[in-house]
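Residue numbers (full-length UniProt numbering), protein chains in the order written: chain A, 1 to 192; chain B, 1 to 208.
No lab work stands behind these hints: they were computed from the structure. Computed from a predicted model, the values in this text were never measured in an experiment. Virtual Cβ for every residue (Gly too), placed ideally from N, Cα, C. Be aware that one or more of the hints could be misleading.
[What the hints assert, rightly or not] Between beta-carbon pairs, the in silico distance windows are:
| # | chain 1 | residue 1 | chain 2 | residue 2 | range |
| --- | --- | --- | --- | --- | --- |
| 1 | A | T174 | B | G15 | 29 to 39 Å |
| 2 | A | T59 | B | A97 | 43 to 53 Å |
| 3 | A | T174 | B | G141 | 23 to 33 Å |
| 4 | A | G51 | B | V57 | 18 to 28 Å |
| 5 | B | L30 | A | Y108 | 44 to 54 Å |
| 6 | B | A156 | A | Q91 | 42 to 52 Å |
| 7 | B | R183 | A | E106 | 55 to 65 Å |
| 8 | B | L155 | A | Q91 | 28 to 38 Å |
| 9 | B | G134 | A | Q91 | 15 to 25 Å |
| 10 | B | P129 | A | G153 | 50 to 60 Å |
| 11 | A | H139 | B | L30 | 47 to 57 Å |
[What the hints assert, rightly or not] Computed footprint of chain A on chain B; a stretch qualifies when at least three of its residues, placed anywhere within it, have a C-beta under 8 Å from a C-beta of chain A:
| # | segment |
| --- | --- |
| 12 | 36-43 |
| 13 | 119-127 |
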Amino acid sequence: MKPVALTLLVLPALLCVSSVQAAAPELAQAAGTYVISGSSQIRFTVDQVGGGGINGKFTKFAGRMRIDGNSIGASTVSFTLYPQSVATPEQRISDFLRSSAVFDAETYPTVTFRSTAVRQTGENTAIVDGMLTARGITHREQFAVRLQGLKGGTIAFNVTGDVYRSRYKMDVGTPIYLNVVKFDMDIRGDKR
Amino acid sequence: MRRDRVNGYGFWAIGLHWLIAVLILGLVGLGFVMRRTAVDPALQFSLYQWHKSVGFVVLGLAVLRGLIWLVGRHPEAVASLGPVERRAALSTHLTLALLCLVVPLAGWAVASTTPLNIPTFFFDLVVIPPLPLGRSEAGEGFWSLVHAGAAYLLLALAALHAAAALYHHFVRRDEVLSRMLGRPGPHGPHAAPASPAPNPLQREGSKQ
Numbered sequence: 001m002k003p004v005a006l007t008l009l010v011l012p013a014l015l016c017v018s019s020v021q022a023a024a025p026e027l028a029q030a031a032g033t034y035v036i037s038g039s040s041q042i043r044f045t046v047d048q049v050g051g052g053g054i055n056g057k058f059t060k061f062a063g064r065m066r067i068d069g070n071s072i073g074a075s076t077v078s079f080t081l082y083p084q085s086v087a088t089p090e091q092r093i094s095d096f097l098r099s100s101a102v103f104d105a106e107t108y109p110t111v112t113f114r115s116t117a118v119r120q121t122g123e124n125t126a127i128v129d130g131m132l133t134a135r136g137i138t139h140r141e142q143f144a145v146r147l148q149g150l151k152g153g154t155i156a157f158n159v160t161g162d163v164y165r166s167r168y169k170m171d172v173g174t175p176i177y178l179n180v181v182k183f184d185m186d187i188r189g190d191k192r
Numbered sequence: 001m002r003r004d005r006v007n008g009y010g011f012w013a014i015g016l017h018w019l020i021a022v023l024i025l026g027l028v029g030l031g032f033v034m035r036r037t038a039v040d041p042a043l044q045f046s047l048y049q050w051h052k053s054v055g056f057v058v059l060g061l062a063v064l065r066g067l068i069w070l071v072g073r074h075p076e077a078v079a080s081l082g083p084v085e086r087r088a089a090l091s092t093h094l095t096l097a098l099l100c101l102v103v104p105l106a107g108w109a110v111a112s113t114t115p116l117n118i119p120t121f122f123f124d125l126v127v128i129p130p131l132p133l134g135r136s137e138a139g140e141g142f143w144s145l146v147h148a149g150a151a152y153l154l155l156a157l158a159a160l161h162a163a164a165a166l167y168h169h170f171v172r173r174d175e176v177l178s179r180m181l182g183r184p185g186p187h188g189p190h191a192a193p194a195s196p197a198p199n200p201l202q203r204e205g206s207k208q
């Protein structure tokens, strides 16, 4: 298995970003278990009619990924978001997102993702399939992962994916705000 | 289609008067409900969007009513009204007409200045652009005050206007109210047109 492929295993973890260079890490270097660092950036946007939209981020999250050095497909990622930590430039919008209209953070304090498959698509890219659970509803989702670097015990990815919020009964505000939530995450993992 | 006559209102004036009145009462009620913090947040969001869309309908109708008033003829005041009553009625009517423009315009200013930057998507059909005003909490607060203050004043004047109409109908028994219901003339001793000049429009109206 190519070293690059190995790194892709890591991708499953929605991880990423950082100053790490794009040079393909060695397989042996990438294999292992990583804990998602608090320095990761979990950003999202929801476009609105007429241009613009909501830009937000989550400041509290946790997760880990295990990169299988022998079989990329056997790698796993688990990730948990705490919607109470959602933040936007406008406090009233943040409060609305936490409310029962959207995340209902009091009743459903976590949003979770569990990978089910990892598929390498390029030298430093992969597709991660998994089950996303929000508001008690679970659907299969897919994220594109790009390895951005592996340096020392730290690995960095950029993870992108579109999630249709109507699947999770979060479609309040449509069609003023589009149904699609675009995630753009820079995820960093620290090797354990 | 009936137009305003010397002694009564035409189809458009009557229709716009009652349509605007109903919509404004609905908007005021909607405004009270949607401001309640106990309202479900998702419902509250929808109520705000309905409030904005219906508000633009009122603005359009008020502009149309104003244009018709400017270019059309106006019924003479009911003959039983004294000069003070006529001036009071005219002042109230002009103020009401003005407030029917000011209140939705101020609401548009609120939507244009709030940092929430929620698009005004008219009945989910077309985006109405914001007014060229800067977005800030101070601007939103100011225009919200103007919007609410003008709306309360409009509500108070509308109540006064309605009370006066009922007084004329049930106490004075003249045609002040009945002619805005499309039934000019037969309700009292002042049914005759103020101007006796023959007019095809009057004859047309007398058949109804």
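Structure-based check of all given hints:
1. A:T174 with B:G15: 29 to 39 Å: 34 Å, holds
2. A:T59 with B:A97: 43 to 53 Å: 52 Å, holds
3. A:T174 with B:G141: 23 to 33 Å: 29 Å, holds
4. A:G51 with B:V57: 18 to 28 Å: 25 Å Cβ-Cβ, so the 18 to 28 Å window holds.
5. B:L30 with A:Y108: 44 to 54 Å: At roughly 30 Å between Cβ atoms, Y108 of chain A and L30 of chain B fall outside 44 to 54 Å, so the hint is violated.
6. B:A156 with A:Q91: 42 to 52 Å: 34 Å, violated
7. B:R183 with A:E106: 55 to 65 Å: The hint (55 to 65 Å, Cβ to Cβ) holds, given that R183 of chain B and E106 of chain A are roughly 58 Å apart.
8. B:L155 with A:Q91: 28 to 38 Å: 31 Å, holds
9. B:G134 with A:Q91: 15 to 25 Å: For G134 of chain B and Q91 of chain A the Cβ distance comes to about 19 Å; the hint holds.
10. B:P129 with A:G153: 50 to 60 Å: Holds: the Cβ-Cβ distance is about 52 Å, inside 50 to 60 Å.
11. A:H139 with B:L30: 47 to 57 Å: 35 Å, violated
12. 36-43: holds (count 3)
13. 119-127: That given contact holds, which follows from 4 residues of the segment 119-127 of chain B lying within Cβ reach (below 8 Å) of chain A.
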